[in-house]
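All chains should be built: construct the whole structure from the sequences, respecting the hints.
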Amino acid sequence: MSDVVVAGVGMHPWGKWGRNFVEYGIVAARAALADAGVDYRDVQFVSGADTVRNGYPGYVAGATFAQALGWTGARVASSYAACASGATALEVARAEILAGRCDVALVVGADTTPKGFLAPTAGERPDDPDWLRFRLLGATNPTYFALYARRRMALYGATERDFAEVRAKNARHGLENPNARYRKDFSVDDILASPMVADPLRLVEICATSDGGAAVVLTSADYAVKQGVARPVKVRAVSTVTPAFPQTVIEMPHFATDSGAAAGWRAGGGEVTAFKDSITLAAYEEAGLGPEDLSLAEVYDLSSALELDWYEHIGLCKAGEAERMLHDGDTTIGGRIPVNPSGGLACFGEAVPAQALAQVCEVTWQLRGQAGARQVDGATVGITANQGLFGHGSSVILSR
Amino acid sequence: MSDTAFEQDRRTPAIEGWFTTDAEPSLLGNRCTTCGTVFFPKASFFCRNPACNGAEFEETRLSRRGRIWSFTDAQYQPPPPYIPRAAEFAPFALAAVELSDEQMVVLGQIAEGYGVSDLHVGQEVELVIEDLYSDDDHDYVVYKWKPVADGSTA
Numbered sequence: 000m001s002d003v004v005v006a007g008v009g010m011h012p013w014g015k016w017g018r019n020f021v022e023y024g025i026v027a028a029r030a031a032l033a034d035a036g037v038d039y040r041d042v043q044f045v046s047g048a049d050t051v052r053n054g055y056p057g058y059v060a061g062a063t064f065a066q067a068l069g070w071t072g073a074r075v076a077s078s079y080a081a082c083a084s085g086a087t088a089l090e091v092a093r094a095e096i097l098a099g100r101c102d103v104a105l106v107v108g109a110d111t112t113p114k115g116f117l118a119p120t121a122g123e124r125p126d127d128p129d130w131l132r133f134r135l136l137g138a139t140n141p142t143y144f145a146l147y148a149r150r151r152m153a154l155y156g157a158t159e160r161d162f163a164e165v166r167a168k169n170a171r172h173g174l175e176n177p178n179a180r181y182r183k184d185f186s187v188d189d190i191l192a193s194p195m196v197a198d199p200l201r202l203v204e205i206c207a208t209s210d211g212g213a214a215v216v217l218t219s220a221d222y223a224v225k226q227g228v229a230r231p232v233k234v235r236a237v238s239t240v241t242p243a244f245p246q247t248v249i250e251m252p253h254f255a256t257d258s259g260a261a262a263g264w265r266a267g268g269g270e271v272t273a274f275k276d277s278i279t280l281a282a283y284e285e286a287g288l289g290p291e292d293l294s295l296a297e298v299y300d301l302s303s304a305l306e307l308d309w310y311e312h313i314g315l316c317k318a319g320e321a322e323r324m325l326h327d328g329d330t331t332i333g334g335r336i337p338v339n340p341s342g343g344l345a346c347f348g349e350a351v352p353a354q355a356l357a358q359v360c361e362v363t364w365q366l367r368g369q370a371g372a373r374q375v376d377g378a379t380v381g382i383t384a385n386q387g388l389f390g391h392g393s394s395v396i397l398s399r
Numbered sequence: 000m001s002d003t004a005f006e007q008d009r010r011t012p013a014i015e016g017w018f019t020t021d022a023e024p025s026l027l028g029n030r031c032t033t034c035g036t037v038f039f040p041k042a043s044f045f046c047r048n049p050a051c052n053g054a055e056f057e058e059t060r061l062s063r064r065g066r067i068w069s070f071t072d073a074q075y076q077p078p079p080p081y082i083p084r085a086a087e088f089a090p091f092a093l094a095a096v097e098l099s100d101e102q103m104v105v106l107g108q109i110a111e112g113y114g115v116s117d118l119h120v121g122q123e124v125e126l127v128i129e130d131l132y133s134d135d136d137h138d139y140v141v142y143k144w145k146p147v148a149d150g151s152t153a
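Protein chains in written order, with numbering that gives the first Met the number 0: chain S, 0 to 399; chain P, 0 to 153.
It should be emphasised that the hints constitute simulated quantities derived from the structure, not laboratory data. Note that this is a predicted model, so its numbers are computed, not measured. All C-beta atoms, glycine included, are put in the ideal place defined by N, C-alpha and C. It cannot be assumed that every hint is accurate.
As the list claims (entries may be wrong) - Just the calculated beta-carbon pair ranges, DEER-fashion:
1. P/130 <-> S/269: 41 to 47 Å
2. P/99 <-> S/289: 35 to 41 Å
3. S/62 <-> P/16: 38 to 44 Å
4. P/114 <-> S/126: 55 to 61 Å
5. S/194 <-> P/49: 42 to 48 Å
6. P/138 <-> S/160: 55 to 61 Å
7. P/114 <-> S/51: 31 to 37 Å
8. P/133 <-> S/18: 39 to 45 Å
9. S/51 <-> P/86: 27 to 33 Å
10. P/90 <-> S/241: 32 to 38 Å
11. P/52 <-> S/389: 55 to 61 Å
Said to hold, decoys possible - So the derived list for chain S, only partly shown, Cβ under 8 Å to chain P, looks like this:
12. 114
13. 130
14. 133
15. 136
16. 137
17. 196
18. 261
19. 262
20. 274
21. 277
Rendered as structure tokens:
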């Protein structure tokens, strides 16, 4: 399916600016509209990715951004899917265009975040597993990231140095990215000297929380031609899949997996694809493309070690081979399939509702050859991969 | 009131119905009476197996022993609603533990006195009940995983 294109993208730089999230969203939206050469008054659909950390305006982000840009009577939607919110908002807008209900949609996500660990909503809420895991276990987000990291060490012989090398690679990638919050070169030894937070993961290997905003203008392919949009990028797939039962890998914020002894969800049983594998599988299937077609990938490196897991989940290599890919330089800019040329979450920190859209911005710039010092030469196809708390898959495939 | 009764009265589960506090404590899950799937924490109202419309469950004790699937620790104090036990935060370890009968991985803190250097993937652990935090009226207890002295290594 290539009936929908990215006509323009824009971002507000990531940082800890401490201002209202709406400001970041509007800066990003105006940049994306200017990039597309689209007048805001021609936007027929505004799709907001929600933030739950900024009160009511954040829960209805679509209307909040639409009002800030000026009411025009455009249709609107607001989507919350935790870290996958941006992809969900993108998918809602794409569906409107595919359904023929509009030609031009604006997708916006922005956040202002507090310092420190992401914590659950306040109050006494023992029915919410995300609240309960802090109360009963003291299990933070890094707890889960560290479980996966330690598991890699036990299964594949990964080392703390391997994880640090991922972080050092992403630091180099992000050095000259004007939208990145952290633009500092880290040596492997610097990283290994950083304080341990959740063994085996250190402070600089765990994604920080950031302020930031990202926006994407989607249009029908016909509209892009008619408007003379320069270098439109095709949206080949958007995957927003859920896990399949039984889900046998422990996932944030849960206390336990499903029982693997349970019958599968299909009549007659059969293997269930692991969730993180299924997210991009669905995207490849929709796009009619495979990992061998990729020029680059933007994956959700919530921790340094988690990036290695993603190499395998998105099909770049077999389980246990990610460290070899890293050491061979395959995933460094200039290598076979650069991963996180933007610098990834390591250089950005997470602005939850903006992050999946930021991935789409980066892939768009790469496919247009506009990524400057971090450009992947001759990029033709790029993928994003991400996952929202409680089971929201998120993957987007774009091509020239 | 005897001291023992007082002690029993002070110690109370941090959450009701998740575990027993007898001499050989176990986690309390439940089993869908229609399809037989076991859930922990307990399912209620609806069975999460997409092929099942079951709505009734019977309580079941989960295996008391399992093997470490992975482990980590918390070297910084978690944010609320975590409640520290003392003014000075003491790091603690956590493990995701695989129960073989249930084919389920359950996350829990590691028993007091053990850190990540005492743990390895595949190690056998056993469920114990230990203090989590206290207020003026109660010492709240929770399940934890404790390395088994005579445990074998997978």
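Now the hints, each set against the structure:
1. P/130 <-> S/269: 41 to 47 Å: holds (45 Å)
2. P/99 <-> S/289: 35 to 41 Å: holds (36 Å)
3. S/62 <-> P/16: 38 to 44 Å: holds (41 Å)
4. P/114 <-> S/126: 55 to 61 Å: Distance hint for residue 114 of chain P, residue 126 of chain S is violated at roughly 32 Å.
5. S/194 <-> P/49: 42 to 48 Å: Distance hint for residue 194 of chain S, residue 49 of chain P holds at roughly 44 Å.
6. P/138 <-> S/160: 55 to 61 Å: violated (43 Å)
7. P/114 <-> S/51: 31 to 37 Å: holds (35 Å)
8. P/133 <-> S/18: 39 to 45 Å: holds (41 Å)
9. S/51 <-> P/86: 27 to 33 Å: This hint holds: roughly 31 Å between Cβ atoms.
10. P/90 <-> S/241: 32 to 38 Å: With a Cβ separation near 35 Å, residue 90 of chain P and residue 241 of chain S satisfy 32 to 38 Å, so the hint holds.
11. P/52 <-> S/389: 55 to 61 Å: violated (22 Å)
12. 114: Not OK, violated: residue 114 of chain S not within 8 Å of chain P, min 10 Å.
13. 130: holds (6 Å)
14. 133: holds (5 Å)
15. 136: holds (6 Å)
16. 137: OK, holds: residue 137 of chain S within 8 Å of chain P, min 4 Å.
17. 196: Result: holds, 6 Å to nearest chain P Cβ.
18. 261: holds (4 Å)
19. 262: holds (6 Å)
20. 274: violated (14 Å)
21. 277: violated (15 Å)
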